[in-house]
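So for the sequence shown, our numbering puts the first residue at 1105; every next one is plus one.
Keep in mind the hints are simulated off the structure, nothing from the lab.
Every residue, glycine too, gets a C-beta built ideally from N, C-alpha and C.
Among the hints, a few may not be true.
With beta-carbon atoms standing in for the labels, derived distance ranges [to be verified]: (1) P1252 to R1217: 33 to 41 Å; (2) E1239 to N1286: 36 to 44 Å; (3) G1253 to L1161: 45 to 53 Å; (4) G1307 to G1253: 37 to 45 Å.
Mimicking SDA-like on lysine to any residue, the simulated pairs with C-alpha atoms at most 20 Å apart in a straight line are [said to hold, decoys possible]: (5) K1238 to V1260; (6) K1224 to V1263; (7) K1166 to E1316; (8) K1233 to D1178.
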Amino acid sequence: MAMMMKQLSLLLLLVTTAQAFTGSGIPSSKVVAARASTTAIKAEEKGDEEQTTDVELFLSKKFPSFYNLLCKEDNIWKQLNTECPDGYTLFAPNEKAFENLGEKKLLQLADARNLEVIEKIGKYHVIVKRAVTKERLLREDWRNKVEPGTPRPFVVGGVQTMGGEVPVGRKKEGGFFGWGANEVPDTAVIGPNAQIVQSFLLGEKKDKVVHEMDALVSPELLWRYCDQLRIL
1105 MAMMMKQLSL LLLLVTTAQA FTGSGIPSSK VVAARASTTA IKAEEKGDEE
1155 QTTDVELFLS KKFPSFYNLL CKEDNIWKQL NTECPDGYTL FAPNEKAFEN
1205 LGEKKLLQLA DARNLEVIEK IGKYHVIVKR AVTKERLLRE DWRNKVEPGT
1255 PRPFVVGGVQ TMGGEVPVGR KKEGGFFGWG ANEVPDTAVI GPNAQIVQSF
1305 LLGEKKDKVV HEMDALVSPE LLWRYCDQLR IL
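Make a model of the complete structure from these sequences and hints.
See the structure below:
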């Protein structure tokens, strides 16, 4: 059975790679499904020298596409598992978030030539050495007065991730190319436009925080650097 699963995952991976080179289209949901199948097997087959943590198993089953993204950079899990005694925080885009990226971006994530950009995208979803709960992340600042009808700012205006700073704020509507836009009350946005769906506290001390996100929190600008090494 194990051998059959390995062969199936390899076949799915080859199909995805072939589509990337030929340029022919396949539904993005099938790309995500192929990645999920391969990821689940990857997490379960780690050797004794590289033990799989409960958090990794959780991610591989509930957020396989995100887990696969983090596994592109070996140092991420090495640092999380050895250098974070006080816990860490992960912004985990769900499977729907990856499907919403569309076929082009999914194929870019599967292309080894974009590895440096892919690793950077993954790092923007990781806060090391700090367990940041949803309540702490979205706590409103009541120290100053605000105009009537104006949402209060959050105490935390941004978080420092392995990739860089990720802004935290309100969803904005209206305006012209971002200028003059109004903040929407009772909303919270992490990164460009991602919102927390639900949060999980894992580990014996509940100090491994996983926020399920409805979109990626990494800067949109990073996608411009994909495919820079393609041979035309």
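Against the structure, the hints come out as follows:
no., hint, result
1, P1252 to R1217: 33 to 41 Å, "violated, 53 Å"
2, E1239 to N1286: 36 to 44 Å, "violated, 25 Å"
3, G1253 to L1161: 45 to 53 Å, "holds, 46 Å"
4, G1307 to G1253: 37 to 45 Å, "holds, 41 Å"
5, K1238 to V1260, "holds, 11 Å"
6, K1224 to V1263, "holds, 16 Å"
7, K1166 to E1316, "holds, 10 Å"
8, K1233 to D1178, "holds, 17 Å"
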